[in-house]
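Chemist: Throw the hints in and build the complete structure from the sequences for me.
So the protein lines, in turn, are chains G and P.
Here the working numbering is used: the first residue of the first sequence is 88, the next is one more, and so on.
Here the working numbering is used: the first residue of the second sequence is 4, the next is one more, and so on.
Some clues are possibly wrong.
What the hints assert, rightly or not - When the alpha-carbon atoms are kept at most 20 angstroms apart in a straight line, the in silico EDC-like pairs for lysine to aspartate or glutamate are as follows:
no.	chain 1	residue 1	chain 2	residue 2
1	G	Lys228	P	Glu27
2	G	Lys121	G	Glu250
3	G	Lys465	G	Asp437
4	P	Lys12	G	Glu131
5	P	Lys38	P	Asp86
6	G	Lys307	G	Asp191
Calculated from the structure, these hints are not laboratory results.
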Amino acid sequence: MQLGTSCASDIDANFRRESARLLATLTRAFGPDKIDLAEDVVQETFLRAMRQWPMRGVPPNPRAWLGRVARNLAVDILRRQRIYASAEALDSLVQDNPRDELLDDELRMLFLAAHSSLAEESRIALVLKTCCGLSTAEIAKGLLSSEAAVAQRLVRAKASLRESGATFELPAEPNQLRTVLRVLYLLFNEGYLAHAGTELANSDLCDEAILTLSRLVRTKVGDVPEAHALLALMLLHSSRLPARVDDRGTLRLLEDQDRAKWDRTRICGGLNELGIATVGDELTPYHCEAAIAAEHCIAPSFQETNWQAILQHYDDLQRIAPSPIGRLNRAIAVSMVSGAEAGLNALGHDEKLKGYYLLPATRARFLQDLGRTEEAQKEYEAALGLATNEAERRFLQQRIATLN
Amino acid sequence: MKKFILLIKGEDRWAQLSPAQMQETIQRYSAWAGKLRAENRLVDAEGLSSEGKVLVGGDVITDGPFPETKEMVGGYYIFTAADLAEAETLARECPALAYGGRVELRQAMDYS
Chain G
88 MQLGTSCASD
98 IDANFRRESA
108 RLLATLTRAF
118 GPDKIDLAED
128 VVQETFLRAM
138 RQWPMRGVPP
148 NPRAWLGRVA
158 RNLAVDILRR
168 QRIYASAEAL
178 DSLVQDNPRD
188 ELLDDELRML
198 FLAAHSSLAE
208 ESRIALVLKT
218 CCGLSTAEIA
228 KGLLSSEAAV
238 AQRLVRAKAS
248 LRESGATFEL
258 PAEPNQLRTV
268 LRVLYLLFNE
278 GYLAHAGTEL
288 ANSDLCDEAI
298 LTLSRLVRTK
308 VGDVPEAHAL
318 LALMLLHSSR
328 LPARVDDRGT
338 LRLLEDQDRA
348 KWDRTRICGG
358 LNELGIATVG
368 DELTPYHCEA
378 AIAAEHCIAP
388 SFQETNWQAI
398 LQHYDDLQRI
408 APSPIGRLNR
418 AIAVSMVSGA
428 EAGLNALGHD
438 EKLKGYYLLP
448 ATRARFLQDL
458 GRTEEAQKEY
468 EAALGLATNE
478 AERRFLQQRI
488 ATLN
Chain P
4 MKKFILLIKG
14 EDRWAQLSPA
24 QMQETIQRYS
34 AWAGKLRAEN
44 RLVDAEGLSS
54 EGKVLVGGDV
64 ITDGPFPETK
74 EMVGGYYIFT
84 AADLAEAETL
94 ARECPALAYG
104 GRVELRQAMD
114 YS
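Modeler: Rendered as C-alpha cells:
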C-alpha cells in the first residue's frame with residue numbers, strides 16, 4: 088500500500104453536502120418508500136471513509152470515492168435483499184457531478200420532504216435531515232427539542248410519505264414550490280427567533296435555509312420572483328444577526344444596534360436578490376417583508392430611516408396577507424411616522440396575539456413615550472411573564488429600568 | 004529507533020456521529036497521522052473491516068472478530084519512536100481518545 092499520497096488534513100469535500108446528495112440519488116434508486124435503506128447506505132459509506140481515510144490518507148478525489156463506495160454498497164444490498172432499484176440512478180452515483188449545483192435528485196428530495204401529507208414541523212425536520220445532512224442530535228439542538236422527539240417525528244414523517252404514496256418527482260405545479268419556500272421560511276425563522284433558548288439566534292439554521300434557497304433559485308424550477316424575494320428577505324435579516332445581541336447576550340433593538348456590525352456582503356446580496364425579485368408585477372408577502380428589511384439595512388441611522396416607505400410596505404403586506412403580527416409591526420411604523428398616540432391606536436387589541444410578548448412590550452413602549460409610566464410598567468411586566476427566552480427577559484428588565 | 008504498534012479500539016460511537024462530525028474526525032486523524040508521516044515515523048497503517056474470523060485449533064471457527072465492540076480493533080498505526088515514553092507522547096495526541104475511544108500501545112520486540 089502507498090502511504091502519504093495525500094497528506095492533506097483538509098478534505099476537498101463537504102460531508103454534509105455529499106451525504107445529502109448521495110441520499111437523494113439513492114432515494115431515487117430505491118424509491119421514496121425506502122428512505123431508511125438509502126440512509127443506511129449513506130451512513131455505512133461515511134463509516135467506511137472513517138475507517139480508511141485516517142490510515143491511508145484522504146483519497147485524491149473524495150467525492151468520487153464516496154460515490155463509488157455508496158454504489159457498491161447499494162448493489163450488494165440489492166443482491167442480498169432482492170429488491171428493485173434503478174440501475175441508471177445507481178450509476179449516476181459515480182458520475183462527477185458539478186459541485187455547487189443543486190442536482191435534480193436533491194430538488195426532488197426537497198419537494199418530497201415538503202410534501203403536502205406532512206405536518207409543518209415534520210417538514211422542517213425532514214428537510215434538515217435529508218437535504219441539509221444534519222443528524223438527529225443536531226436537528227434537536229437547532230429546533231430546541233429533544234433527540235427522541237425529533238427521531239420520532241422523522242420516523243412518523245417517513246411513514247406518512249409511504250402511506251400517502253408520495254413520488255420522487257420534480258414539481259409540476261407552482262403550489263409545490265410555494266410549500267418548499269414556506270418550509271425554508273419557517274426554518275429560517277426558527278433559527279432567527281430561537282425561542283426559549285438562552286441564545287437569541289441560532290445562525291446555523293439561518294445559514295442552512297439561506298444555503299438551500301440560494302441553490303434552489305439557481306435551478307429552473309426555483310428561479311421565480313417569489314423565491315428570490317424570500318432569499319432577499321433572509322439575507323437582509325441575517326445581515327443584522329451579529330448586532331442583534333450585545334456582548335452580555337442582551338437583545339438589542341434596531342435603534343440601539345451598532346450598524347457597523349451589520350454584514351455588508353449579505354446586505355448587498357439581499358438587495359441584489361430583491362432587484363431580481365421585482366422584475367415582474369408579482370407582489371408576494373416575501374416581497375413586502377424583504378422591502379421592509381431593505382429599508383432598514385440601507386438607512387444610515389435609525390433616525391434617518393424612511394418610515395414612510397416602510398409604512399407603505401406594511402400597508403401592502405396587510406392588504407395581500409393580513410396577519411396579527413403584521414398589524415403589530417405596522418403599528419410601530421405608524422408611530423414612527425405619526426407619533427406614539429397613533430401607534431397605540433393602530434395596535435388595537437388582537438385576541439390572536441394574546442400570549443405574544445411583543446404585543447404588551449410594544450404597547451408599553453408607546454405608553455412610555457407618551458409619559459404614561461404606570462401603565463407602561465404594567466405592560467412591561469405582562470410582557471416579562473410571556474417572554475420565552477433569557478435574552479428577551481433581560482431586554483425587558485432593562486426597559487423597565489429606564490422607566491424610573 | 005524502535006517500532007511501535009498502536010491499536011485503536013472502542014469506536015462504537017462513530018455510528019452516532021453526524022456527517023459534519025465525521026468529517027471533523029477524519030480531519031483530526033489526518034492531521035495527527037500527517038505529522039507522523041512528515042517526521043518519517045509512519046511505517047504502516049490500515050483500518051480494519053468488521054468482517055473476519057477468529058480461528059482456534061480443531062474444527063471450531065467462530066464468527067469473530069469480537070462481539071464486544073469495545074474490544075474490537077478498528078485500525079492500527081505502526082510507527083517509530085526513540086522509546087516507549089516518546090511513543091506514548093505521540094499516542095496521547097491520537098484523536099481516538101477525544102472521541103471516547105481507547106488505544107493500546109505496544110512495542111515490537113527487538114532483542115538483537
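Chemist: What hints, given by number in increasing order, does this structure fail?
Modeler: Violated hints: none at all, because every hint is consistent with the structure.
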